[in-house]
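Protein chains in written order, with my numbering: chain L, 2 to 405; chain F, 2 to 405.
Since the hints were derived computationally from the structure, they do not count as laboratory data. Be careful, since some hints might not be right.
Copies of the same chain look alike in the list, so a pair counts if it fits in one copy or across any two.
To be verified - Restricting the straight-line Cα-Cα distance to at most 20 Å, the calculated cross-link-like pairs of lysine to any residue (SDA-like) are:
#	residue 1	residue 2
1	K319	C262
2	K27	I283
3	K319	S260
4	K181	D220
5	K210	E28
6	K284	A387
7	K280	G329
8	K360	T183
9	K341	R300
10	K280	F396
11	K280	E370
12	K237	H223
The primary structure of each chain is shown beneath.
There are 2 protein chains.
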Amino acid sequence: MQAVGIVVEYNPFHNGHLYQLTQAKKETEADIVIVVMSGTFLQRGEPALISKWSRTEMALANGADLVIELPYPFSAQKAEYFAHGAVQLLTELGVEFIHFGSEAGDILPFYELVDTIQKDFSTINSYVQEHMKLGLSYPRAFSNALTRLNRPTAISLTEPNNILGYHYVKAITDQGSPIKATTTKRIQAHFHEQSISSNHIASATSIRKAINEGTPLADIAHTMPASTVNLLTKYKKENKLLHTWDLYYPFVQYKILSSSCEQLRDLYECEEGLEYRLKETIKFAPTYTDWIELLKTKRYTRTRLQRLVTHVLTNTTKEEMQTAHSEGLRHIQLLGFTTKGQQFLKQTRKQRNLPILTKRAKATGGIAELEERAAVIYAQPLLIHARYRAIKAEFNPPIQLHSH
Amino acid sequence: MQAVGIVVEYNPFHNGHLYQLTQAKKETEADIVIVVMSGTFLQRGEPALISKWSRTEMALANGADLVIELPYPFSAQKAEYFAHGAVQLLTELGVEFIHFGSEAGDILPFYELVDTIQKDFSTINSYVQEHMKLGLSYPRAFSNALTRLNRPTAISLTEPNNILGYHYVKAITDQGSPIKATTTKRIQAHFHEQSISSNHIASATSIRKAINEGTPLADIAHTMPASTVNLLTKYKKENKLLHTWDLYYPFVQYKILSSSCEQLRDLYECEEGLEYRLKETIKFAPTYTDWIELLKTKRYTRTRLQRLVTHVLTNTTKEEMQTAHSEGLRHIQLLGFTTKGQQFLKQTRKQRNLPILTKRAKATGGIAELEERAAVIYAQPLLIHARYRAIKAEFNPPIQLHSH
């Protein structure tokens with residue numbers, strides 16, 4: 002049995018995701034698809050619209066055979082850590098391939114780029130630092146550094162999926178993982194070429210935007226599998242809300258207003274006096290959106306700041322994150338599986354070093370603790386009964402899908 | 002010009018308060034009444050129903066000539082610190098008398114009790130510690146210690162106003178203050194004796210209880226001056242709420258769930274493993290009231306625990322409180338004054354060591370910082386515009402009443 006791994010957020014699962022999952026399986030001729038999915042808080046520093054359990058159901062309903070949790074210390078992170086955690090989990094699980102969508106669409110330039118950067122690492126790094134000191138964001142500084150070194154790449158490094166792809170290949174190389182990386186051009190362009198109505202494809206960002214603006218699900222239902230629409234509807238009905246930053250804003254505001262600058266400085270990603278900026282801007286910003294606009298600078302991207310705000314919300318300190326990372330993964334948290342997924346786990350049991358966790362009760366170590374705390378904070382905007390259910394759900398067994 | 006000082010919360014101002022204020026002036030033949038009033042969080046560990054500014058208006062409308070703020074490091078405290086701060090402020094202001102209502106009603110036993118305790122301090126203290134180790138609350142342990150020493154007092158020390166009175170007299174003695182203490186029997190009994198309908202008198206606790214239960218103000222209006230009813234109505238209309246613990250519960254819950262035990266242990270009054278108890282009990286307690294019931298033990302009174310919860314909410318550490326207390330008062334915060342009050346301040350200017358603050362912008366030091374933070378947190382349940390107004394109001398000039 003061969004497996005292909007993909008790294009996802011499914012926030013929410015849409016037709017583009019379905020296309021990638023199908024392509025991944027087809028192109029690699031794998032028997033099963035293993036999905037590594039972020040838990041509660043995501044790479045852009047946002048809460049997931051709906052719980053990890055509902056998103057696991059979406060994944061299982063649409064072809065995933067195993068859903069594995071990417072825990073908080075990797076999920077709410079810049080591309081480098083995010084990719085590192087995901088590749089480590091997939092290597093441990095014994096997948097043959099990792100598959101990702103990219104703007105580039107060809108895998109060779111990714112390997113070439115990793116090679117180039119490895120050779121000229123210290124020069125590139127010093128250029129990046131230099132450009133960042135001039136006020137450029139990391140992706141822009143990185144891209145400039147390559148141009149300056151006369152090592153132009155075929156991959157545009159300001160495209161988010163290219164950056165992630167680069168970091169997957171880099172993590173594979175750094176970790177000496179036997180996984181083979183493979184990529185497909187992102188769906189939007191692809192479908193366009195094949196003259197399929199572009200209406201059926203929309204980015205998760207634009208779907209979330211529509212949902213946040215109150216667009217009825219029926220009006221965007223054609224961009225998602227029916228199972229996604231049903232699960233979103235069910236979640237909203239049972240929980241009376243979808244998780245958006247606005248709902249967490251009172252807590253962030255309270256946290257910043259009640260903390261000293263010294264306490265804020267201890268939090269992960271609070272660097273270079275950002276604690277003062279947090280305090281100055283939050284007192285009179287009426288909404289989360291207004292506040293982030295106030296907070297933004299040329300130096301710090303919105304994504305970078307949203308991740309900081311996520312760590313402020315979850316009260317994650319530099320020390321805790323460092324401990325979690327240096328301890329490393331102690332287990333693999335299983336969120337969902339199909340019969341075929343279960344067979345794969347049985348067959349590969351002896352090749353794994355880490356135990357597969359089916360109940361969080363047994364979890365120990367910094368990574369599990371940070372994920373658990375994030376899950377409790379994630380549940381905070383819910384009304385009382387929904388909140389209990391959400392907190393207790395952390396200790397649920399994985400979701401089992403008996404047949405595809 | 003002679004002044005009598007009284008120490009109050011006015012949460013809210015009612016007929017019993019009016020009676021005490023009138024008696025204080027009459028009995029001492031003072032020209033003016035100086036009121037030292039708690040700011041935002043009160044001695045029982047509760048938020049004040051309405052802002053310090055509205056309560057200042059209540060005081061001025063009913064005979065107070067000066068309203069002085071008792072800041073957070075003294076207001077949300079056990080009787081000893083509460084009395085210490087209040088007596089220090091009144092001494093600094095140069096009042097001739099301090100007047101308090103008590104269950105006892107006679108001032109002599111208070112002086113006698115202070116004398117007794119001073120003489121046998123170490124024995125009483127060791128008895129108190131011993132009884133507390135057996136699980137008794139402080140007031141009960143204290144009362145038992147006196148009985149055991151065969152020093153029974155005419156004052157029942159389980160009555161809250163007697164305890165406060167004892168601590169006023171003790172603070173006067175300890176500080177070597179020239180203030181003379183005087184007391185009147187509490188109004189409820191007094192009115193009863195004089196056959197005035199007890200309907201016109203209700204404790205602030207029972208008034209708050211009625212308000213919390215949704216009783217229309219009209220139904221309890223006869224227990225308060227018309228100005229109180231008007232100011233409560235106005236506050237509620239402008240701010241859409243009265244400040245009750247329920248509104249702060251989500252923040253306390255968030256704070257406890259997002260903090261480590263070590264972080265909770267750093268907070269003021271979090272002693273003897275209470276951090277674990279906070280964490281264990283809060284996750285599944287649906288309301289604040291349910292939670293406090295779960296939290297209570299024979300050892301810790303509700304009031305003691307509510308004060309702890311207040312410090313958790315305001316994120317006040319042991320270190321901050323110690324710094325504030327050891328720095329001491331750096332100024333006197335004026336909240337309101339009448340023409341006569343202003344005259345008194347002019348006449349006594351040269352006798353004061355501390356500046357009178359009319360705007361908080363000039364405030365420095367730990368005491369002022371803790372009060373300001375408490376005021377910002379106090380405003381957190383308000384809707385956005387009301388919240389801005391409340392936060393900005395901290396820097397308002399005092400309220401001036403031109404004539405009585």
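Hints and how they fare:
1. In the homo-oligomer, the alpha carbons of K319 and C262 lie at most 20 Å apart both inside one protomer (15 Å) and across protomers (17 Å), since each shortest distance falls under that limit.
2. With identical chains, the CA atoms of K27 and I283 are never at most 20 Å apart, being 49 Å at best within one copy and 50 Å at best between copies.
3. Within a single copy, K319 and S260 get their C-alpha atoms as close as 16 Å, and across copies as close as 14 Å, so both meet the 20 Å cut-off.
4. In this homomeric assembly, K181 and D220 never come within 20 Å of each other (Cα to Cα): the closest approach is 39 Å inside a single copy and 77 Å across copies.
5. Taking the shortest Cα distances, K210 and E28 never come within 20 Å of each other, neither inside one copy (32 Å) nor across copies (69 Å).
6. Taking the shortest alpha-carbon separations for K284 and A387, only the inter-copy value of 13 Å comes in at or below 20 Å, while the best intra-copy value is 30 Å.
7. Taking the shortest Cα distances, K280 and G329 never come within 20 Å of each other, neither inside one copy (33 Å) nor across copies (26 Å).
8. Neither within a single protomer nor between protomers do K360 and T183 lie at most 20 Å apart by alpha-carbon distance, with minima of 32 Å and 66 Å respectively.
9. Within a single copy, K341 and R300 get their C-alpha atoms no closer than 47 Å, and across copies no closer than 57 Å, so neither meets the 20 Å cut-off.
10. Taking the closest pair of Cα atoms, K280 and F396 come within 20 Å of each other only across two copies (18 Å); inside a single copy the shortest separation is 36 Å, beyond that limit.
11. Proximity of K280 to E370 under the C-alpha cut-off of 20 Å is restricted to the inter-copy arrangement: shortest distance 15 Å between copies versus 28 Å within a copy.
12. For the homomeric pair K237 and H223, the shortest alpha-carbon distance inside one copy (19 Å) is at most 20 Å, but the shortest distance between copies (47 Å) is not.
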